[in-house]
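Engineer: Here's the letter readout for the chains.
There are 4 protein chains.
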Amino acid sequence: MALAMDKAALMAFLESDFPQAKDDFVVEEVAEGRLTMRLKVTDAHLRPGGTVSGPSMFALADVGIYLAILAMIGPKALAVTTNASLDFMRKPAAGKDMLCEVRVLKLGRVLAVCDALLYSEGQAEPVARANMTYSLPK
Amino acid sequence: MALAMDKAALMAFLESDFPQAKDDFVVEEVAEGRLTMRLKVTDAHLRPGGTVSGPSMFALADVGIYLAILAMIGPKALAVTTNASLDFMRKPAAGKDMLCEVRVLKLGRVLAVCDALLYSEGQAEPVARANMTYSLPK
Amino acid sequence: MALAMDKAALMAFLESDFPQAKDDFVVEEVAEGRLTMRLKVTDAHLRPGGTVSGPSMFALADVGIYLAILAMIGPKALAVTTNASLDFMRKPAAGKDMLCEVRVLKLGRVLAVCDALLYSEGQAEPVARANMTYSLPK
Amino acid sequence: MALAMDKAALMAFLESDFPQAKDDFVVEEVAEGRLTMRLKVTDAHLRPGGTVSGPSMFALADVGIYLAILAMIGPKALAVTTNASLDFMRKPAAGKDMLCEVRVLKLGRVLAVCDALLYSEGQAEPVARANMTYSLPK
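Protein chains in written order, with my numbering: chain A, 146 to 283; chain B, 146 to 283; chain C, 146 to 283; chain D, 146 to 283.
Honestly, the hints are just simulated from the structure, not real lab data. Incorrect hints may have been included.
For chains that are exact copies, the list does not tell them apart, and a pair is met inside one copy or across any two.
[Said to hold, decoys possible] Heads up, simulated EDC-like pairs for lysine to aspartate or glutamate below, C-alpha to C-alpha not over 20 angstroms straight-line:
| hint | residue 1 | residue 2 |
| --- | --- | --- |
| 1 | K152 | D188 |
| 2 | K283 | E174 |
| 3 | K167 | D188 |
| 4 | K241 | E174 |
| 5 | K251 | E270 |
| 6 | K236 | D162 |
| 7 | K241 | E177 |
| 8 | K221 | D151 |
| 9 | K251 | D188 |
| 10 | K167 | D242 |
| 11 | K251 | E266 |
| 12 | K241 | E266 |
Please read all numbers here as calculations on a predicted model, not as lab measurements.
Using the sequences provided together with the hints, build the complete structure.
Structural biologist: So, in structure tokens, the structure goes:
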């Protein structure tokens, strides 16, 4: 299966459809069923104590998984998250970007299922684990 | 079991420990094992299409559940979310605040388990469902 | 919305379509969007230590939620579980049946979302919490 | 980190502590943070239609994840599942064993977090995905 959107196409989609997100997120790598997304961590993503907040990690996983699906089916803005589950396992490193490694586990007619591991850049152990289900437009 | 923190104490804690959140969230009601939290929806919480974003709903559930636990155990800033799971069921209404109704299902020595239903104000059917586990400090 | 199946119709469906389950489960109550299911606990449901096993609780929640959906849409054997999440909060009581109280939170064209609390009979505090998503046949 | 229990020690533990499970499950491979478990599928594991039932897949993931943790910490029968989440993605193949590939993502003092992919033997695409959290004994 060829990719429907490459890295440049995904970034252009993000800029046009999610302008408020385009400064936070960068697609690092994309391949069939795989995508790595970077969150450029700024003060806006932190919680008290200086670590990346839960909602920011949720957003990173959600955008990364969304784009991993679009890379395979093309720019369909109507795909919506129906279920999201996250385990927060370790404290993110202060002052480091986060990287989210997505796997597409199922791409069906109606539902897509993906999971992801989230890392503080430069660290071997994952900070968080996420899985999400998306409902796909007809 | 008496409440360790009432509505005023919870709002004071939010203002001192989460100053960036204090303009977004209001504790509407609190009782033993129950709390209702309001998200004052502004443009910052919206996603393309004008509905409340997933990360904003995650934040609403997370803050509401956190304060429901603190209402019972007192102001311990070290409680951390270890697991969060959300089902997004309906589109939030545009231009409406959201209300999050939390239940504390278990308050153990080490873990607390809660769930919540999220509503657009004035609508009978829930927009989303959340459950979260918190690890409690010793 | 009237019920498509009452208690007797649900039990008849269970006996015809899930004969291996009919001795374990009893529909106690059913109403619009609500159902209570009993697991008649026998040695087959126990794990070492004498408490009800995780797979038995999973089965109780799955069957209870399935029948709560069928009560509203009629006997469609093709509904399938797509996502299941459980929190195990307390040890089930030894030698007690378990009761599962289901709520239907969303009944859409394609997906149904439900949650449930599981109790050891006669105890006030829930043993487990479950939520499940079902994909509905066309 | 050396393994605390090898394949033979894990199988001996299963036979002594979970005698009802010892005929169903086989540890195929174990390494640091990894384990592959086989479910020897028999009629007892099937649901109407002839595919492996949800509770059987739950049991496979639960036993596989449990033994992956014990392989690292030794035979502590008191570890208990606190959260389990599964996505059922494809129909299991009829008449095939199932294999469960576990990863240990975090092994903390109090909690362990793992995930797993479940396959019908001989098929490339996973049938289900699971993640579980275990509470560890002191």
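Engineer: Given a CA cutoff of 20 angstroms, do K241 and E177 count as a within-copy pair, a between-copy pair, both, or neither?
Structural biologist: Neither way: K241 and E177 sit 28 angstroms apart in one copy and 28 angstroms across, limit 20 angstroms.
Engineer: For K167 vs D188, is the C-alpha pair at or below 20 angstroms within one copy, between two copies, both, or neither?
Structural biologist: both (16 angstroms within a copy, 17 angstroms between copies)
Engineer: Can you give me the call for K251 and D188, within, between, both or neither, at a CA distance of at most 20 angstroms?
Structural biologist: neither (35 angstroms within a copy, 27 angstroms between copies)
Engineer: With identical chains, the pair K241 and E266 could be close in the same copy or across copies; at 20 angstroms between alpha carbons, which is it: within, between, both, or neither?
Structural biologist: within (6 angstroms within a copy, 38 angstroms between copies)
Engineer: For the identical chains here, do K236 and D162 meet the 20 angstroms Cα criterion within one copy, between copies, both, or neither?
Structural biologist: between (31 angstroms within a copy, 18 angstroms between copies)
Engineer: Should K241 paired with E174 be assigned to within, between, both, or neither, using CA atoms and 20 angstroms as the limit?
Structural biologist: within (19 angstroms within a copy, 36 angstroms between copies)
Engineer: Give the relationship of K251 and E270 under a CA distance limit of 20 angstroms: within one copy only, between copies only, both, or neither.
Structural biologist: between (25 angstroms within a copy, 8 angstroms between copies)
Engineer: Is it within, between, both, or neither for K152 and D188, if the alpha carbons may be no more than 20 angstroms apart?
Structural biologist: neither (27 angstroms within a copy, 29 angstroms between copies)
Engineer: With 20 angstroms as the alpha-carbon cut-off, assign the pair K167 and D242 to within, between, both or neither.
Structural biologist: within (15 angstroms within a copy, 26 angstroms between copies)
Engineer: When Cα atoms must be at most 20 angstroms apart, do K251 and E266 count as within-copy, between-copy, both, or neither?
Structural biologist: Intra 27 angstroms, inter 18 angstroms, cutoff 20 angstroms: inter-copy only.
Engineer: With identical chains, the pair K221 and D151 could be close in the same copy or across copies; at 20 angstroms between alpha carbons, which is it: within, between, both, or neither?
Structural biologist: within (15 angstroms within a copy, 41 angstroms between copies)
Engineer: Using 20 angstroms as the alpha carbon limit, work out where K283 and E174 are close: within a copy, between copies, both or neither.
Structural biologist: neither (27 angstroms within a copy, 38 angstroms between copies)
In this structure, the hints that do not hold are numbers 1, 2, 7 and 9, in rising order.
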